[in-house]
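Peer 1: One letter stands for each residue in the lines below.
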Amino acid sequence: MNSILTIIRRELGSTFTSPVAYVFLVMFLVLTGFFTFMIGGFFLRNEADLNSFFFWFPWLFLLLVPAVGMRQWAEERRQGTLELLFTMPVSVPEAVLGKFLAGWIFLGIALILTCPIVFTVCYLGSPDPGPIITGYTGCFLLAGAYLAVSGMTSAFTRNQIVSFITSTVLCLLLVLVGFPPVTGLLLKWGAPSGMLDFAAGLSVFYHFDGMQRGVFDLRDIVYFLSLMVLALVITGVALKNRRG
Amino acid sequence: MIEASNVKKYFGDKPAVAGISFSVRKGEVLGFLGPNGAGKSTTMRMITGYLSLSEGSVKIDGCDIEEKPVEAKRLFGYLPENAPSYQDMTVAGFLKFSAAIRGLRGETGEAAIARAVKLCHLEKVMNQTVDTLSKGFHHRVCFAQAILHDPPVLILDEPTDGLDPNQKHEMRELIREMGKSKAIIVSTHILEEVEAICTRVIIIDRGELVFNGTPRELRARAPHGRLLVTLLGVDGDGARADLEKLPSVRRVEILGREEDRISLALHPSDGKQKNFALEIKKALDEHNWQFCELHTDSGRLDEVFRSLTTSDSTGRKEGAA
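Quick mapping for you: the protein sequence lines, in order, are chains A and B. Under the numbering used here, the first residue of the first sequence carries the number 1, and numbering increases by one thereafter. Under the numbering used here, the first residue of the second sequence carries the number 1, and numbering increases by one thereafter.
None of the hints are false.
Only pairs whose alpha carbons sit at most 27 Å apart, straight line, appear in this in silico DSS-like list of lysine-lysine: (1) B:Lys-8 / B:Lys-26; (2) B:Lys-26 / B:Lys-68; (3) B:Lys-59 / B:Lys-26; (4) A:Lys-240 / B:Lys-59; (5) B:Lys-281 / B:Lys-245; (6) B:Lys-59 / B:Lys-8; (7) B:Lys-168 / B:Lys-180; (8) B:Lys-282 / B:Lys-245; (9) B:Lys-8 / A:Lys-240; (10) A:Lys-240 / B:Lys-14; (11) B:Lys-68 / A:Lys-240; (12) B:Lys-135 / B:Lys-168.
By construction, these hints were calculated from the structure, which means they are not laboratory data. A quick note: this is a predicted structure, and the numbers were derived from the prediction, not measured.
Model the full structure from these sequences, guided by the hints.
Peer 2: Written out as structure tokens, the structure reads:
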């Protein structure tokens with residue numbers, strides 16, 4: 001447990017001493033603002049909710065979260081510090097969990113920094129707090145799922161670009177699998193409705209959508225958590241079986 | 001303290017380390033030699049639990065590295081090849097992290113860091129980030145990390161690589177001093193280093209153990225007892241012919257000529273090593289040859305090393321034949 005905390009502290013320290021963190025935060029905040037107000041038409045909708053804000057997160061995170069996760073293991077390998085870390089008295093699960101949690105906390109901080117949008121809505125009208133809370137919870141879980149996937153791809157390579165591209169594609173697949181064009185295709189091929197539901201159920205979008213509307217369903221939370229656990233376990237196995 | 005038995009590592013079906021056994025006791029400094037690509041670093045990585053073993057076992061103070069990795073890893077400090085450390089951290093931050101991960105926090109952590117910093121002379125660079133430091137400092141920062149917790153076992157992969165001669169000397173002194181109370185493995189390319197600090201030597205070649213003994217035993221394998229003579233104002237070839245007639249001389253080599261000087265190496269016949277120098281001196285006096293140098297060469301380690309191991313290129317030739 002102490003090792004995990006030590007690793008989290010080191011990771012966060014490293015993140016905030018590098019310019020990457022600040023570039024990321026600025027880009028993230030600019031992009032959320034741009035999508036919410038310019039494309040999402042926040043004012044035009046004239047509604048006291050954050051739907052035009054939350055709607056973009058599966059897409060926005062698709063590019064931004066792999067940028068955080070891609071360096072996790074690839075960078076350690078490139079610098080040779082993986083050898084140092086794994087010859088210190090730390091187990092592989094502790095190291096994997098520590099790094100993942102540090103990244104997740106960082107993304108959580110980024111989400112907290114979007115709070116002016118909440119103040120804006122509260123100032124302009126009186127929104128229902130429920131969807132805001134579930135929406136943010138959904139965003140946080142979504143960030144964790146993407147992060148676990150990009151950490152996983154990072155464990156397989158020492159090249160950050162390869163890690164970034166593979167994790168973006170994997171996350172995109174997770175979004176698209178429940179999308180009407182894809183499910184429509186399955187329907188055309190004569191897939192039974194059970195399979196359609198299964199495909200849709202695998203989709204990040206399907207589970208995130210409910211949460212951004214204010215529906216709090218335990219199944220959605222279980223979905224995100226099990227996605228993270230699966231990706232983290234694969235990360236651990238990949239790191240244990242590496243050859244150099 | 002370190003017990004490696006029949007350690008094997010396959011990469012695919014290619015054996016990188018083909019079954020090596022050795023042990024290191026407390027108070028021993030084991031020199032680990034071998035040509036590049038012989039499997040030294042792979043072996044060290046297996047001992048330290050960074051790479052899994054294909055076969056065999058490694059025990060650190062009775063603690064199996066594969067069965068109880070975390071416990072075993074508490075017992076040693078490790079300086080990997082090329083001395084990696086987190087480039088974006090300050091030296092102080094990096095050492096603090098290394099201490100904390102080994103459970104040294106608060107005052108004990110501070111004391112441990114202060115001790116290591118003093119031994120490695122890092123006081124002046126504590127607040128610099130690692131990537132701004134020179135190679136020598138990189139090495140010392142990583143070495144400081146290895147000795148932070150005062151471990152009973154030290155595993156050092158090329159500890160003097162990248163250091164200047166003064167720092168090399170200091171590092172050797174430090175290792176020798178620590179060797180009195182710890183079990184240490186040192187890998188190196190530098191053969192004098194082995195004589196300077198090691199109490200025992202193993203040499204591996206193409207993944208196999210080819211020598212295990214003391215540095216003295218290693219030197220004893222050298223073609224020793226040859227005599228180096230520098231003659232003044234003498235015709236080299238004539239002197240060589242005359243000297244080769246002596247029964248105690250097996251062979252004479254001309255090492256070099258410089259103005260009126262000629263350097264010779266005289267190899268004694270078997271069993272004639274004793275008093276060889278005296279006999280030659282007598283012979284030189286009889287011919288009335290002037291000499292300005294006459295000494296016995298005690299044998300060169302690199303020759304032994306070359307005879308025990310095969311370099312990459314010769315290995316490939318044999319493979320092709």
